[in-house]
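Protein chains in written order, with the UniProt record's numbering: chain A, 1 to 980; chain B, 1 to 207.
Hints listed in this document are in silico derivations from the structure and should not be mistaken for laboratory results. All C-beta atoms, glycine included, are put in the ideal place defined by N, C-alpha and C. A portion of the hints provided could be inaccurate.
Said to hold, decoys possible - Covered stretches of chain A, going by a simulated chain B footprint (3 or more residues, C-beta under 8 angstroms):
#	stretch
1	719-725
2	893-903
3	954-963
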Amino acid sequence: MEARFLLGFLLLLSLSSFAFAIYEDQVGLADWHKRYIGKVKHAVFHTQKTGRRRVVVSTEENAIASLDLRTGDILWRHVLGKNDAVDQIGLSLGKYVLTLSSQGSVLRAWNLPDGQMVWETDLQISNPSNSFLHALGNVKSGRDSLSLVCNGGSIRAVSSIDGLVVWKKDLSVDGLKLKHVFQPPESDTIYAIGFIDSSLIALYHINAKTGELLKHATQASSVDLSSEISAISSDSLVALDTSRSNLLLIKFMAGTITNHKLPLSDIVQDFSGLAELIPTKSNDIFVVKTPSNVAFIKVKGDNEIELIGKADEAGIVSDSLTLSEEEQAFAVVHHSNNAISFQVRINGREALTEGIKIEDHRGHVKRVFLNNYVRTDKSHGFRALIVMEDESLLLMQQGEVVWSREDGLASISDAVVAELPVEKEGGVSVVEVEHTLLEWLKGHMLKLKGTLMLSTPDDMAAIQAMHLKSTERNKMTRDHNGFRKLIIVLTRSGKVYALHTGDGRIVWAHLLTPLLQSESCPSPSVLTLRNWRVPHRKALQENPSILLVGRCGAGPESHGFLFIVDSYSGKVLETQILDHSIAEVVPLPLADSSEQKLHLVIDDKLNAHLYPRGSDALEVFVREMANMYYYKVENAKEVIKGYAFKKGCSTGSSAYCFGTRELWSVVFPSDSERIVAAARRKINEVVHTQAKIMTNQDVMYKYISKNILFVATVSPKAAGGIGSAAPDEAWLVAYLIDTVTGRILHRVTHQGAQGPVHAVVSENWVVYHYFNLRAHRYEMTVIEIYDQSRADNKDVMKLVLGKHNLTAPITSYSRPEIATKSQSYFFTHSVKAIAVTTTARGITSKQILIGTIGDQVLALDKRYLDPRRTANPSQEEKEEGIIPLTDTLPIIPQSYVTHTRQVGDLRGIMSFPANLESTTHVFSYGIDLFYTRIAPSRTYDSLTDEFSYVLLLITVVVLIVAILVTWAMSQKKDLQEKWR
Amino acid sequence: MERSSALIGSIFLLISISCLINPISAAASGSGEGYSIAGRVKLDNFVTKGFGLGHSPKLSETKVILNGGQRTTFVRPDGYFSFHDVPAGTHLIEVSSIGYLFSPVRVDISARNPGKIQAALTENRRALNELVLEPMKDEQYYEIREPFSMLSLVKSPIGLMIGFMVLVMFVFPKMMDGVDPEEMRQAQEQMREHGIPSISNLVAGRS
């Protein structure tokens with residue numbers, strides 16, 4: 001199946017239809033889709049006897065989801081908007097999930113079984129405050145059930161059935177922050193307790209049916225109150241003071257408030273440091289977490305308290321779980337080495353301790369949610385949802401991990417591609433061959449049935465299952481076509497995963513930051529990853545490796561660190577804490593003698609540090625230093641600056657440290673332009689030919705420079721979102737800048753346009769997407785750049801005599817004569833991400849991959865974004881494949897590479913080449929992951945998977961039979977002839 | 001899909017500072033600058049066929065997006081959706097529902113004339129009297145397999161091979177039959193003299 005490029009190219013030209021599309025039974029053949037939810041921050045269990053056991057969770061990715069408690073599968077999931085963070089979730093009426101989001105201003109109810117939104121209420125809170133309490137405790141009012149939402153000093157009572165605000169009460173007291181609301185059973189009065197400016201305690205009596213304020217009282221507190229409280233019974237609560245070392249016991253009986261200060265050191269002997277209150281629900285018990293232990297404290301009678309239990313190691317404590325009126329259970333979890341100990345305490349007494357082995361790449365426990373079930377012997381069993389440092393979610397029951405979800409993959413921040421190991425020579429057993437042959441035949445029979453539309457739904461399912469577990473695509477070795485690769489991704493938590501392109505499984509995963517955690521590196525966070533060594537020439541037998549760069553603290557001046565990780569196994573080969581900060585990592589197109597790629601790490605003082613450290617690396621770099629340039633886009637200052645490197649740096653005398661010298665700067669007038677987007681070509685993009693043959697047999701030369709930077713600026717008024725600017729005060733300016741000289745190659749202004757701008761640069765063109773305010777539609781513009789200095793190379797005589805400049809290298813040092821062609825089109829959807837397909841040799845035509853607002857990825861042929869399109873193309877132009885000009889780019893549903901799947905909260909699309917020229921890998925990520933392989937010009941260099949070998953076999957057999965039959969017939973006829 | 005039929009047919013362009021839910025605050029207009037946009041998504045006229053294995057498009061998966069992602073809301077079982085506290089100006093509403101193509105809608109909220117809201121589809125510039133959003137068309141993400149037909153089989157390279165073979169097997173001998181045996185023998189002798197082996201004869205078994 002070796003690529004026959006020229007032939008393929010001719011074939012390609014003759015093909016009329018370029019559209020990428022798959023049949024329904026091909027789903028799963030090359031693609032996979034994984035759904036995640038992100039780091040869980042709230043969980044509510046729903047474990048009624050009837051129906052499915054499930055847990056409803058909300059996450060830091062603003063997703064809410066219902067998970068099957070048996071398997072961890074997603075039953076339904078919704079991703080809320082970016083600014084719509086979930087504050088609290090709860091269950092209501094046993095059938096609705098309530099979510100409070102956007103800082104307590106939006107309340108939604110979702111149907112528990114299927115996730116359909118039932119109602120949505122905007123609570124119209126004038127100044128949503130960060131610190132608020134929302135008591136979604138159900139308050140009965142007739143047959144309806146009210147949910148109370150408190151925010152600062154206002155209370156809303158919302159009907160659970162239809163979401164109507166039944167009453168609202170603004171207590172209009174400055175500085176009031178309501179802390180707790182409760183309703184004594186069989187009473188129409190609600191008690192609301194709040195703090196005013198951390199010094200006053202206020203109590204309000206409110207009529208539950210009307211919201212009428214019946215009574216209120218305030219009382220000065222003896223200590224400064226912090227915001228942490230714990231309600232311990234129907235008439236008392238415990239608060240923590242601002243020094244976090246004293247407790248305040250507040251009682252409110254019959255409209256009066258009493259408070260009593262209790263130093264923590266009296267209760268817990270060896271108390272020191274800062275305490276934390278764990279929220280509980282009544283029953284006179286509360287939990288205080290101190291740096292060294294967890295204390296369970298019971299309130300007895302008047303102002304007397306007693307320590308009833310203590311867990312000696314400080315762990316993660318769950319919220320309280322009410323087992324019965326008398327019993328409160330808490331889970332305390334701590335982590336040591338590669339095991340976690342899970343302890344359940346009922347009323348402070350230890351009820352259950354389990355040790356569970358856990359993979360050490362999950363890090364520490366971050367959160368725990370406890371749930372119970374009743375065993376057959378009426379005793380309580382416990383299960384717990386555990387959120388780990390790597391954001392994965394585990395369900396633990398009876399000392400075992402029942403299921404785990406790798407939800408860290410919902411927050412991918414960077415990704416690179418690595419090769420798999422080369423297949424080792426070795427014999428394959430005959431049995432295996434026979435087995436696979438049989439499987440192979442069976443598979444093709446099924447496929448044939450599918451092709452002939454004879455397959456039953458069962459067969460269809462069998463075909464899909466076969467696609468998924470096909471051994472060929474999931475092998476752990478490199479294949480000839482380059483279809484099998486590793487996608488190495490970095491997530492927000494700093495965990496690195498290697499995913500197999502065959503089925504998306506995790507080959508290895510490592511949480512690297514705990515390895516570094518020390519005094520010199522207090523809070524390590526990984527910023528980016530790069531290919532460090534790629535198998536190539538001399539290093540063909542060496543394992544490829546990945547470079548991870550991060551910084552030790554939060555600020556830009558904190559020290560950096562780097563890891564080098566083997567990409568086959570994930571083993572850390574090298575760890576280094578750097579003596580300088582990290583602002584940017586610049587990969588260079590150079591490698592040292594052991595094929596390690598050279599990288600420059602730029603620090604915050606604009607010094608460049610060369611890695612790897614080695615004399616030959618230094619030698620290679622110094623030789624090329626005069627041709628190395630660096631540029632920096634400073635969004636805040638509206639400046640782009642270009643730098644050259646010089647020997648000797650400002651901070652040290654290391655030979656690997658280089659200084660920078662400012663060469664040029666482009667300053668945008670800050671009163672009229674703001675930088676909103678910058679894009680450049682992929683550093684490793686391959687271009688097949690510089691020449692472009694026009695319809696009239698004319699040749700145009702593409703201006704192919706690696707140093708083109710596309711920058712878009714908008715007017716300051718248009719820098720906000722859509723709907724904030726009028727057409728006549730908005731404009732967008734697109735620049736093409738040479739990053740070596742700072743020369744502006746091209747500049748174009750779009751009046752009445754605004755961002756957000758998404759751009760992609762490839763070969764000699766740039767495509768960008770923006771919003772046109774005049775038409776109120778999105779637009780896409782293409783700019784193609786041609787080299788005019790080579791335009792007169794068409795004369796054959798000149799070519800013969802050698803008087804041409806075709807062999808002259810393209811250089812940024814000389815002033816290029818360029819010409820641009822440009823065209824704009826409307827585009828229907830908002831865009832979240834944009835990318836372009838890349839192939840191994842750059843011959844195959846390109847497609848632009850557009851991540852739309854609907855979280856789908858559309859592959860749009862570059863032919864639609866061709867400035868040569870005209871309304872009425874001539875016959876010749878039509879033959880060349882120029883599409884008649886339309887004002888809108890077409891959206892062909894079959895060209896969605898994600899077909900019926902959605903990549904929730906799509907953030908990035910990545911395309912990387914396979915060895916087969918026609919094919920490219922597409923990996924898109926958001927909360928979900930989606931991977932597929934596409935062939936922008938169809939697979940002209942190999943037989944498709946669609947090819948029916950069985951049909952071919954049958955034909956051959958039929959032919960042989962036919963030959964035999966005819967031979968027999970002819971024999972007979974001959975004989976007859978002879979008798980005659 | 002539950003549907004309260006009493007509500008269908010009324011006008012859904014809510015033009016007030018209030019929300020549907022709380023008419024009291026409407027008069028107060030305390031929160032000031034914000035307006036509400038309310039509308040409805042209608043999917044029921046479109047019956048999708050052959051959409052995919054177990055993927056029937058659901059209203060619960062339908063999102064309504066304001067200004068390219070500034071805000072996102074979901075539709076209720078009856079198709080209604082609303083955005084609150086939207087400032088005056090020109091806005092863009094998009095509907096994302098897998099299986100359907102919706103045109104984005106331009107919504108103008110007049111600042112001078114509070115409460116005047118105009119809406120128009122941006123794709124075909126059609127003005128909407130009420131904010132009822134219907135899909136422009138349903139989207140078929142898969143190529144549809146041609147139903148099995150003899151013609152497609154015949155047209156495939158393998159079919160052509162078989163066809164040619166059949167032709168050679170049955171039609172050529174018939175053609176030979178029409179030829180006078182005497183002439184045939186002469187021709188064959190001539191051929192033998194020239195030494196050209198005849199494939200058709202071989203196949204037809206007339207050597």
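The hints, checked one at a time:
no.: 1; hint: 719-725; verdict: holds (count 4)
no.: 2; hint: 893-903; verdict: holds (count 6)
no.: 3; hint: 954-963; verdict: holds (count 4)
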